[in-house]
Each structure stands twice: as structure tokens, then as C-alpha cells.
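2 protein chains.
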Amino acid sequence: MNRWRTIGVLGGMGPAATADFLARLAANSGAVDDSEQPRVLIDSNPYVPDRNAARAGVGESPGPALAAMARGLVAAGAEILAMPCNAAHGWVLDAATATIVPFVDMIAAAVAEVAALQPRPRAVGLLAVAATLDGRIYHHGLEAAGIAVVECDRAGLQGLVSLIKAGDTGVEVAIAMQALAADLAGRGAEAIIAACTEVPLVLTAAEVPVPFIDATASLVRATLLAARI
Amino acid sequence: MNRWRTIGVLGGMGPAATADFLARLAANSGAVDDSEQPRVLIDSNPYVPDRNAARAGVGESPGPALAAMARGLVAAGAEILAMPCNAAHGWVLDAATATIVPFVDMIAAAVAEVAALQPRPRAVGLLAVAATLDGRIYHHGLEAAGIAVVECDRAGLQGLVSLIKAGDTGVEVAIAMQALAADLAGRGAEAIIAACTEVPLVLTAAEVPVPFIDATASLVRATLLAARI
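From first to last, the protein sequence lines stand for chains Y and X. All residue numbers for the first sequence refer to our numbering, where the first residue is 1 and numbers rise by one. All residue numbers for the second sequence refer to our numbering, where the first residue is 1001 and numbers rise by one.
Just chain Y, with the same shape it has in the complex (with noise of 0.2 Å):
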């Protein structure tokens, strides 16, 4: 008996993270054969709008693409949208708004598990590219809650993201998002986000000398929960 609503997602920025939020769906759910597992409709689409070159205003909205992919997954049965990819939450209304389906706001998902945290972090650090940060896409809720941020050394950041988008998860590549977590921690980050889908391909909890809130896990968890009849 299904006992979840049809998830849609919004997908593709970039494809291998679409794919791991879908095994981590599939692991998560509790299921103990596929008849259990919910349904999930996907769009990768990897020729949404640049997210980072929105931000800067030297390319076009990713907006209009993002509405058009929820419609899309409406139409095809979609219940419920979520959406694994940080930076483009800053269009997330785009996409919420154009169809009458609830929509899982990964930042709001992952604040709300930073927030729980016990004790509180004072400051969080985030590991997330221009469009996050200059987008104060989780400045806004961390800030609300009195958390204060601290921010990744963008270029570092960015070139470790196009490397795994191209294909290399390897040993210096995690080795290197590790040294960018360890900088976030000393420079008074008293827990980090994994605030870019690509970041977790490479990085974990042990791996990371605080806390460690993997935003696309926040996600999982309340996509789950949101998908449950």
C-alpha cells in the first residue's frame, strides 16, 4: 500500500548530486522493498540559468527554467517539490509559486537542524559558493536565530565544486574540502553546512572538527517527512 505522496524534484544542479539525493531517498525511506519506497518524479536539468552568474547580474534568471520544471512535475503527478540545490533557493519562490503543491525548503530544513542543535552554535560556518553566500540565502534564517556566519573561502570553494562537477570526487579533492572546513572552524565556526550538493559527494561528518549539518541529508529528512500520508 503506497503510504507517500509522488515526489517531484527539481533537479540537475549538478546531475551526480540529483543523484545522490535520490539513493539517499531511497535509503532513508524505511522501506523494505521497492513497494514501500515512495515515487519520485525527477527533472535534471542541467541547463538551468547559471546560479552564480544570476547573482553577479551577468546572466539571466534561473527563475522562469525553475517554474517551469515544478509545472512540469506538477503535470506529471508531482505532489510535493523539493529541490537539491542550495544556490538556487535563491529563485526558490519562482519555483514554489507556480504551482499549488507544497514546496520543501532545503535552507529552511537545514536551519531548522542547525537551530536544534545542542548547544546552540553561536556562529556557523558555510561551505557554499557566491551565489549562496552573496545571495544571503542562509544569512537570513541563521541571523534570525542569533547565529552569526562565517563564510568559506569562496575561489577555494568554487574550484573544488567545478572539479567534482566535472567528475573528481578523489582523495585530494575531499582532502582539500577538509582543509576548508578545518579553516571555517578556525576562524570560530562552532558548526558548518554543507551548504552546496556537491559538497557531501566528498565530505562527511568525520571529516570535520565540529558539528557537521549536511544540508542535502536536511533535505532527505524533510522531504521524507512531508511525503509521508
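Since no wrong hints were added, every one of them can be taken at face value.
Chain X stretches covered by chain Y per the calculated footprint, using a threshold of three residues with CB under 8 Å from any CB of chain Y: (1) 1010-1019; (2) 1159-1173.
Output of the computed footprint for chain Y on chain X, the stretches with three or more beta carbons under 8 Å from beta carbons of chain Y: (3) 1032-1040; (4) 1072-1082.
It is worth saying that the hints were derived from the structure and are not from the lab. Cβ coordinates follow ideal geometry from the N, Cα and C atoms, glycine included.
With chain Y held as given, fit chain X onto it using these hints.
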């Protein structure tokens, strides 16, 4: 510039195998950034009627569900279709004739790679569930190529597939899968096909004593080739 046809995926059989297929499409596309990746629309539908039950004559046919999924994917924009589930290929004609777009056949892709092995194996072992064996899904193509079939221990394989579908991809499952492969080699298999998409979630060529054809990898290659404009 998009150099790809939009790929539609009939998935969810099971969901983790579909995530594995997506990850491998992204990893093998040759793309150096998102914009060079193909767009992929996925219907991860775990409610397709059970293939083993249908083949055993005790459950409804998966054909109509697969046909509906194919039509839905094409309506959403898919320009070629692929289905990362071996057993479901027993009803591939239902899916392939439901729309006018090309359907990339996983079985044909894997058999072609087996037939191209040098030296060509005289007998090939199948790590496959009952629906795939009893449907003679691989037997037809292999026997037409003059290659004999060695069938795996069905109960043993099904038990492992069920564990993997329940999320267990641990070392004990992996070792048991290696033993099934070794048993096939011991009974004359000169190559082995991972003819179930759960198999490569725990088994790679490095653990198999003879040439190993991973049908999921074959489908990835054939799909990317067919999708290239």
C-alpha cells in the same frame, strides 16, 4: 550548447539502482560542467507490478504500467527512453511500442558487449532473478550468438537482491554475491553478466574471477551513445 537528446528513464525497479544509473550517466557523459550534461527525466516508480510474480503467473503484468510510464516521460519531453531493470525487459515491447521515440534495450546492449569479448566466451553466467531467467530474456540473444547460459543459484541471488532492496549493501552481502559469481565460474561460465541492477551495487569486476559485464554499465554506454546529437 546542448548536444544531447533528453533521456527518459523508466526507473524505480529498484530506486537505489535507478540512482546508481543516474550517477553513472553523469559520470560517463564526458561533461566538464553541468551545461555539457544531458537532461534526464526520471519516473522512479516502485509500484510497477512485481516482475517475478508476473512471470510466475501469479501477479498482474508490468506491461501496462511500463507503457504508461513511457508515455508520461515522452509527454514531459523525453526524446529517447531507457529502463535500468533487467527483469522488466520481459515486457520491453509494451514500453517500447507505447511511444514513437527510440527505446534503448539494456539486454541487447549487454549481449553485444559479451559477444565482443576476445576470446568470445563459450558459456556465460547470469546473476539474475527468476523473472529474467524464466523469461529467457538473456537466453535468446546469447544462444543466438552461440553462447551457452549458466544460471545462478536463484534462491541465493533473490535473497541478496531482497537485502539490497532493503538497503543492505554491506560486506556480508558483497561477499555472498562474490560467492555466487565464483560458483558460476566454477560451473563453466567464462564470463558473467550482472543481469540485475542490484548486483553492481555490491559487486565489481575486481571481485569476479572471469570477465564481468555489468548490464547497467552497458545501458549507460548505449544510452549516452543514442542520446548524443
